[in-house]
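Undergrad: Letter by letter, the chains look like this.
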Amino acid sequence: MNDSRFATRSELIGILVLAVFLVVILPLCLDVFRLNLVAKYLTYAFVALGLVICWGYGGILSLGQGVFFGLGGYCMAMFLKLEASSVENTKIQSTPGIPDFMDWNQITALPFFWKPFHSLTFTIAAVILVPGIFALIIGAAMFKRRVGGTYFAIITQAVAAILTILIVGQQGYTGGINGMTDLRTLKGWDIRPDHAKVVLYFFEVGLLFGCIFIAQFVRHSKLGRILVAMRDQEDRVRFSGYSVANFKIFAFCIAAIFAAIGGAMFALNVGFMSPSFVGIVPSIEMVIYTAVGGRLSILGAVYGTILVNFAKTSLSESFPELWLFGLGGLFIAVVLAFPNGLAGIWGDYVQPRVSKLIGTRKAKPGWTDNSVADGAPAE
Amino acid sequence: MFGDYSIGDLGSIFVMQGFAGLILFSVYVLMALGLAIIFGQMGVINMAHGEFMILGAYVTWMTSNFFQSYLPGLFSGYFFLAMILAFLASGALGMLVEWVLIRHLYKRPLDTLLATWGLSLMLQQAYRSIFGAREVGVELPQWMLGSLHVTDSIEVPINGVFVMGLTVLITIGVAYIMFRSRWGRQVRAVVQNRIMAGAVGINTAKVDRYTFALGCGIAGVAGSAFTMIGSTGPTSGQLYIVDTFLVVVFGGAASLLGTIASAFSISQTQSTLEFFMSGSMAKVLTLLAVVGILMLRPQGLFALKVRK
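So the sequence lines, in the order shown, correspond to chains F and S. For the first sequence, my numbering begins at 547 and goes up steadily by one. For the second sequence, my numbering begins at -17 and goes up steadily by one.
If you are wondering where the hints come from, they were derived from the structure by calculation, not from laboratory data. Hints may be right or wrong, so weigh each one.
[Said to hold, decoys possible] Ranges between beta-carbon positions, derived for each pair: (1) S:A157 to F:I653: 32 to 38 Å; (2) S:S58 to F:I679: 46 to 52 Å; (3) S:S213 to F:N724: 47 to 53 Å; (4) F:H664 to S:S(-12): 45 to 51 Å; (5) F:N724 to S:L127: 34 to 40 Å; (6) F:P662 to S:I211: 50 to 56 Å; (7) S:R116 to F:T731: 38 to 44 Å; (8) F:I891 to S:R85: 44 to 50 Å; (9) F:V566 to S:S260: 48 to 54 Å; (10) F:E867 to S:G128: 21 to 27 Å; (11) S:A157 to F:R580: 57 to 63 Å.
For each residue, glycine too, the CB sits at the ideal point set by N, CA and C.
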């Protein structure tokens, strides 16, 4: 229990290794196209990171993280889209100065909720606040009434379905099924050429480490311990006088904000945003990344995301048929055999041997790794 | 929005939309009955439920092809055999899945969700590899085509009536099995207190396996019935899964009556709204209402009164 405020020694080493991997090794080994792919994968790592806190530690499985990813992404995309549809860029339209899809849908004036997105400051605030407040409302409505476990999962899933249908249906305001495409510049700085991709990659890695630090802080603070205690014995925590609902809401909001940051970075890195990243399937895939990496491991979530996505890209390029079998099988195997994912394999099997080899006997780091998921996220 | 229609028109609209709603209602009930057994009674979140339905649909499609090529004389009755085959196929697959996968996860309900999602991905790919990526439609026998004219402005399609009748029969059957038969009593005993049920000599593992298989089998029959109103593709199952879960949860998970009531209210709301606005907005409003009510009343419409 002798945790520092922030990280144990082995965790610090882990973070350093990840930093070297992301900042030095990958940029040196990969060309810009592949690096941009990694940047795309890392946007999901933000979501996975949030899920570690909310699901791994808090025991709240949200199947609607795509909603927050999408909200963040759409906020950023709206800003970029407005910048890309300046009057001279869109002079062939019947009403210049509005995004092209509005023009196609016979909308002649910018809707009121688009107008503030002319400002970058507002956009950045919106990327964090819109999903945050949305999560607060859902969380408050659910957790105050003690809805949890499977019911929460199903309701968040329904929210994801609602938002997708809404975005697809309101084509004139959202770009419909195609989403917002053809995003070009950020404050006049072109985001499409190679050097911009590299800059954005490093910026994103920086943000990711910021989020890792926040996650580490949450985990090692008293708050993190209450979260775990709540996951394992909710009633005892409640009877000890803690407001269980508020802690759950907090965890859910943090997860939502992380996901939204990922979504905003996605819009910047990939250059478009569409409802296919909002719905149920992507939301569950994000849970898969977390589960494969390890639902109790902050760094494991990052590795899991990169690994699954890398496998997805390379396998679906060469064996499109095998990919779904592979993903499904991997997932079943992880759930059945390694409930703590890759990080669990590392922590339970590999690390003890490594420590033995080096000859240092270390205590197991912290309290969380002992609580194998058998008793974990129950109803 | 009512201004453009006369009273008589409005009456017909509500009857027609109400009838469309009744077909949707039958569809929801068929989908949800299997899930109400698996999720409501056993607590297992089966995300592959849609794929079990699709299996039933493909079995029906194969049966109809078989009858068309080899027994054209009996084609008008193929459907009854197809449904039995669909039940058996989905039930058998369900039994296998329970044995391989689900029985290890009874203590971790959220993990059943993840594992069955993996299963659903594999099944989808399997369908795509075996039956091809295209949607397939079943040819209906002659007597199922056409519609009944009730009045000048109201007509109802016969296949819709058939699906509704089927739904009533299956619902009565399920209710009988769950509440009147010896086996249903065992199921409910296992659900309420597994250890005690085991102690009085019920083979709980066997009851679990057959309950799961029954739920999957009903899903197969549902899929078989769907072939009469729409076409089927490898990924059709995913379209239904959220609706189905909402129906079950909205009704109060452990209550069959609640499932029926919630299927009725959801389907009627949606089909009435659909007439006045686009289908997607009707769906959004319906789902929003359901989610909103669930937030006010988390246990669903018909909750069992239990101490928690």
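Undergrad: Indicate, hint by hint, whether the structure satisfies it.
TA: Evaluation of the provided hints:
no. : hint                           : result
1   : S:A157 to F:I653: 32 to 38 Å   : 52 Å, violated
2   : S:S58 to F:I679: 46 to 52 Å    : 59 Å, violated
3   : S:S213 to F:N724: 47 to 53 Å   : 25 Å, violated
4   : F:H664 to S:S(-12): 45 to 51 Å : 49 Å, holds
5   : F:N724 to S:L127: 34 to 40 Å   : 38 Å, holds
6   : F:P662 to S:I211: 50 to 56 Å   : 46 Å, violated
7   : S:R116 to F:T731: 38 to 44 Å   : 42 Å, holds
8   : F:I891 to S:R85: 44 to 50 Å    : 24 Å, violated
9   : F:V566 to S:S260: 48 to 54 Å   : 53 Å, holds
10  : F:E867 to S:G128: 21 to 27 Å   : 41 Å, violated
11  : S:A157 to F:R580: 57 to 63 Å   : 58 Å, holds
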